[in-house]
Amino acid sequence: MAVNAYKIDHVAIAVNSIEETLPVYTGGIGLKFLHEEVVEDQMARLAFIEVGESLIELLEPTCPESPIRKFLDKKGPGIHHIAYAVPDVVEALASAKEAGYRLIDEVPRKGGHGKLIAFLHPKDTHGVLTEFCQRIPD
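Heads up, the sequence shown is in UniProt numbering, so the first residue is 1 and it goes up one at a time.
Derived from the structure by calculation, the hints contain no laboratory data. There could be a bad hint or two in this list.
Claimed, not checked - The calculated DSS-like cross-link candidates involving lysine-lysine, where the alpha carbons are at most 25 angstroms apart (straight line), are:
#, residue 1, residue 2
1, Lys74, Lys123
2, Lys115, Lys97
3, Lys97, Lys110
4, Lys32, Lys115
5, Lys97, Lys123
6, Lys70, Lys110
7, Lys123, Lys7
8, Lys32, Lys7
9, Lys7, Lys97
10, Lys115, Lys7
11, Lys123, Lys75
12, Lys123, Lys70
13, Lys110, Lys123
14, Lys7, Lys110
15, Lys115, Lys70
As the list claims (entries may be wrong) - Label pairs and their in silico Cβ distance ranges:
#, residue 1, residue 2, range
16, Lys70, Thr26, 23 to 31 angstroms
17, Ala99, Glu19, 39 to 47 angstroms
18, Asp124, Lys75, 15 to 23 angstroms
19, Pro23, Leu103, 30 to 38 angstroms
20, Cys63, Glu91, 27 to 35 angstroms
21, Ala99, Pro64, 30 to 38 angstroms
22, Asn4, Glu36, 29 to 37 angstroms
23, Asp105, Ala2, 13 to 21 angstroms
24, Ala2, Thr26, 34 to 42 angstroms
25, Ala99, Lys32, 33 to 41 angstroms
Glycine included, every Cβ here is placed at the ideal spot set by N, Cα and C.
Work out the full structure, taking the sequences as your base and the hints as a guide.
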């Protein structure tokens with residue numbers, strides 16, 4: 001059984017400051033800012049930027065304990081993860097587990113932009129933190 005990802009949903013970039021980083025994408029590159037939100041349980045502030053049918057998601061830590069802060073302290077600003085849109089994140093997780101991938105999330109959780117999300121361990125994806133995400137109908 002395959003995961004059936006149908007597009008790259010977003011590329012997430014860890015940043016120290018959304019205010020300092022956003023003009024790179026909206027000014028210099030000329031992309032469209034969509035919206036910003038805080039995801040409390042992820043201890044992160046997110047900004048979404050449209051690029052075609054996909055998004056760039058800027059991730060800023062909201063506290064010193066944030067996983068994004070730990071990432072920034074260890075690796076500095078840069079690509080944090082790649083997210084693939086899937087029709088059913090529960091099925092995608094089951095398929096990935098059946099294929100031998102280690103799951104960071106055994107069950108999906110609420111993510112930014114109104115989506116259910118779950119992550120695969122980067123050791124099984126050649127060092128790339130991989131997210132599956134499913135849009136939840138309004």
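Verification of the hints:
For the hint pairing Lys74 with Lys123, the CA-to-CA distance comes to about 17 angstroms; that is within 25 angstroms, so the pair holds. For the hint linking Lys115 to Lys97, the alpha-carbon distance of about 21 angstroms falls within 25 angstroms, and the restraint holds. Between Lys97 and Lys110, the direct Cα distance comes to roughly 20 angstroms. Compliance with the 25 angstroms bound is thereby established for this hinted pair. Pair hint Lys32 plus Lys115 holds up; C-alpha atoms about 20 angstroms apart against a cutoff of 25 angstroms.
Of the supplied pair hints, the one linking Lys97 and Lys123 holds, its CA atoms being roughly 14 angstroms apart against a limit of 25 angstroms. A C-alpha spacing of about 21 angstroms is found between Lys70 and Lys110, which places the hinted pair at or below 25 angstroms, so the restraint holds. Between Lys123 and Lys7, the direct Cα distance comes to roughly 22 angstroms. Compliance with the 25 angstroms bound is thereby established for this hinted pair. Among the hinted pairs, Lys32 with Lys7 is consistent with the structure: their alpha-carbon atoms are about 19 angstroms apart, no more than 25 angstroms.
A C-alpha spacing of about 20 angstroms is found between Lys7 and Lys97, which places the hinted pair at or below 25 angstroms, so the restraint holds. For the hint linking Lys115 to Lys7, the alpha-carbon distance of about 15 angstroms falls within 25 angstroms, and the restraint holds. About 16 angstroms separates the Cα atoms of Lys123 and Lys75, which keeps this hinted pair within 25 angstroms; it holds. For the proposed pair Lys123 and Lys70, the alpha carbon gap of about 18 angstroms is at most 25 angstroms, so the pair holds.
At roughly 23 angstroms between alpha-carbon atoms, Lys110 and Lys123 fall within 25 angstroms of each other, so this suggested pair holds. At roughly 20 angstroms between alpha-carbon atoms, Lys7 and Lys110 fall within 25 angstroms of each other, so this suggested pair holds. Between Lys115 and Lys70 the CA atoms are separated by roughly 24 angstroms; this keeps the pair inside 25 angstroms, and the hint holds. For Lys70 paired with Thr26, a C-beta distance near 27 angstroms keeps the hint of 23 to 31 angstroms intact.
At roughly 41 angstroms, the beta-carbon separation of Ala99 and Glu19 lies within the given 39 to 47 angstroms, and the hint holds. Distance hint check: the CB atoms of Asp124 and Lys75 are about 19 angstroms apart, consistent with the given range 15 to 23 angstroms. Under the hint 30 to 38 angstroms, the C-beta atoms of Pro23 and Leu103, about 37 angstroms apart, fit the expected range. Between Cys63 and Glu91, the C-beta spacing of about 34 angstroms keeps the proposed range 27 to 35 angstroms intact.
For the hinted restraint 30 to 38 angstroms between Ala99 and Pro64, the CB-CB distance of approximately 36 angstroms keeps it satisfied. The beta-carbon spacing between Asn4 and Glu36, approximately 30 angstroms, falls within the hinted interval of 29 to 37 angstroms. For Asp105 and Ala2, the hinted distance range of 13 to 21 angstroms is satisfied, since their beta carbons lie about 19 angstroms from each other. Between Ala2 and Thr26 the Cβ separation comes to about 36 angstroms, which falls inside the hinted range of 34 to 42 angstroms.
A hinted range of 33 to 41 angstroms holds for the C-beta pair Ala99 and Lys32, which are about 36 angstroms apart.
In the structure shown, no violation is registered for any of the earlier numbered hints.
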